[in-house]
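Novice: Residues per chain, in single letters:
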Amino acid sequence: QKEVEQNSGPLSVPEGAIASLNCTYSDRGSQSFFWYRQYSGKSPELIMFIYSNGDKEDGRFTAQLNKASQYVSLLIRDSQPSDSATYLCAVNMGSDYKLSFGAGTTVTVRA
Amino acid sequence: SAVISQKPSRDICQRGTSLTIQCQVDSQVTMMFWYRQQPGQSLTLIATANQGSEATYESGFVIDKFPISRPNLTFSTLTVSNMSPEDSSIYLCSVEGTGRGTGQETQYFGPGTRLLVL
Chain A
1 QKEVEQNSGP LSVPEGAIAS LNCTYSDRGS QSFFWYRQYS GKSPELIMFI
51 YSNGDKEDGR FTAQLNKASQ YVSLLIRDSQ PSDSATYLCA VNMGSDYKLS
101 FGAGTTVTVR A
Chain B
1 SAVISQKPSR DICQRGTSLT IQCQVDSQVT MMFWYRQQPG QSLTLIATAN
51 QGSEATYESG FVIDKFPISR PNLTFSTLTV SNMSPEDSSI YLCSVEGTGR
101 GTGQETQYFG PGTRLLVL
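Those protein sequences? They're chains A and B, same order as listed. At position 105 of the first sequence (counting the first as 1) the number is 105 in this note's numbering, and the numbers step up by one without a gap. At position 83 of the second sequence (counting the first as 1) the number is 83 in this note's numbering, and the numbers step up by one without a gap.
Just chain A, same shape as in the assembly (with noise of 0.2 Å):
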């Protein structure tokens, strides 16, 4: 089982719609969780982050945490064509800042 596993995509939305990415991870212990995002020849750019159960909103963008489901969530509302990115779930297993990746969902935004 991988340790961070996230929804197959791509994933394509109208423009205005939500986007819903989901991320499932296997260490019960884990403590941070975050969401990058990844723009076509470009390296990852951290959008959110997690740490509480609940949500968390940040203007257009909600994560939703479930530490008992050891699940996490994106939302994107209102989606626009330059929302249409790779994002990556990555998850803080531990100490000394490690992170562990999920192969990522691929956003397409339809004007």
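Worth flagging that the hints you see were computed from the coordinates, not collected in a lab. One or more of the hints may lead you astray.
To be verified - Calculated cross-link-like contacts (lysine-lysine; reagent style BS3-like; alpha-carbon spacing at most 30 Å):
| hint | chain 1 | residue 1 | chain 2 | residue 2 |
| --- | --- | --- | --- | --- |
| 1 | A | Lys98 | B | Lys7 |
| 2 | A | Lys42 | B | Lys7 |
| 3 | A | Lys56 | A | Lys67 |
| 4 | B | Lys65 | A | Lys42 |
| 5 | B | Lys7 | B | Lys65 |
| 6 | A | Lys98 | B | Lys65 |
As the structure is a prediction and not an experimental result, all values here were calculated from the model.
With the hints as your guide, set chain B onto chain A.
Specialist: Relative to the frame of chain A, chain B by itself:
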């Protein structure tokens, strides 16, 4: 977050040669990481480089193939040795960081080095 630069940004190399990639940070950091991202794939951690100690390699990566230097708190190099076409990839360095005032440990990435081996 720190400003991170990498050199070269891209290169085309011949089989059997070696390439050294440089990573420079504008502030002192204890931990630096080197990743590989093969086409269409996610990030795979090669090694963790702490200043003043030997790099720690992940399973499947060895020092003879990917020697790393970390001479100070703002600089690191990764060498890809005796290259083959299978080494064609994006190589990324990242540094420790904290998530916008929360103290939560995370990483910030450099722009990457795109390597093509013929």
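Novice: Each hint: holds or not?
Specialist: Results for each hint:
1. With a C-alpha separation of about 23 Å, the suggested pairing of Lys98/A with Lys7/B holds against the 30 Å cut-off.
2. At most 30 Å may separate the alpha-carbon atoms for a hinted pair to count; Lys42/A and Lys7/B meet this at roughly 15 Å.
3. For the suggested pair Lys56/A and Lys67/A, the alpha carbons sit about 14 Å apart, so the restraint of at most 30 Å is met.
4. Distance restraint check for Lys65/B and Lys42/A: the Cα-Cα separation of roughly 25 Å lies within the 30 Å cut-off, and the hinted pair is therefore satisfied.
5. With a C-alpha separation of about 19 Å, the suggested pairing of Lys7/B with Lys65/B holds against the 30 Å cut-off.
6. As the CA atoms of Lys98/A and Lys65/B are separated by approximately 22 Å, the hinted pair is consistent with the 30 Å bound.
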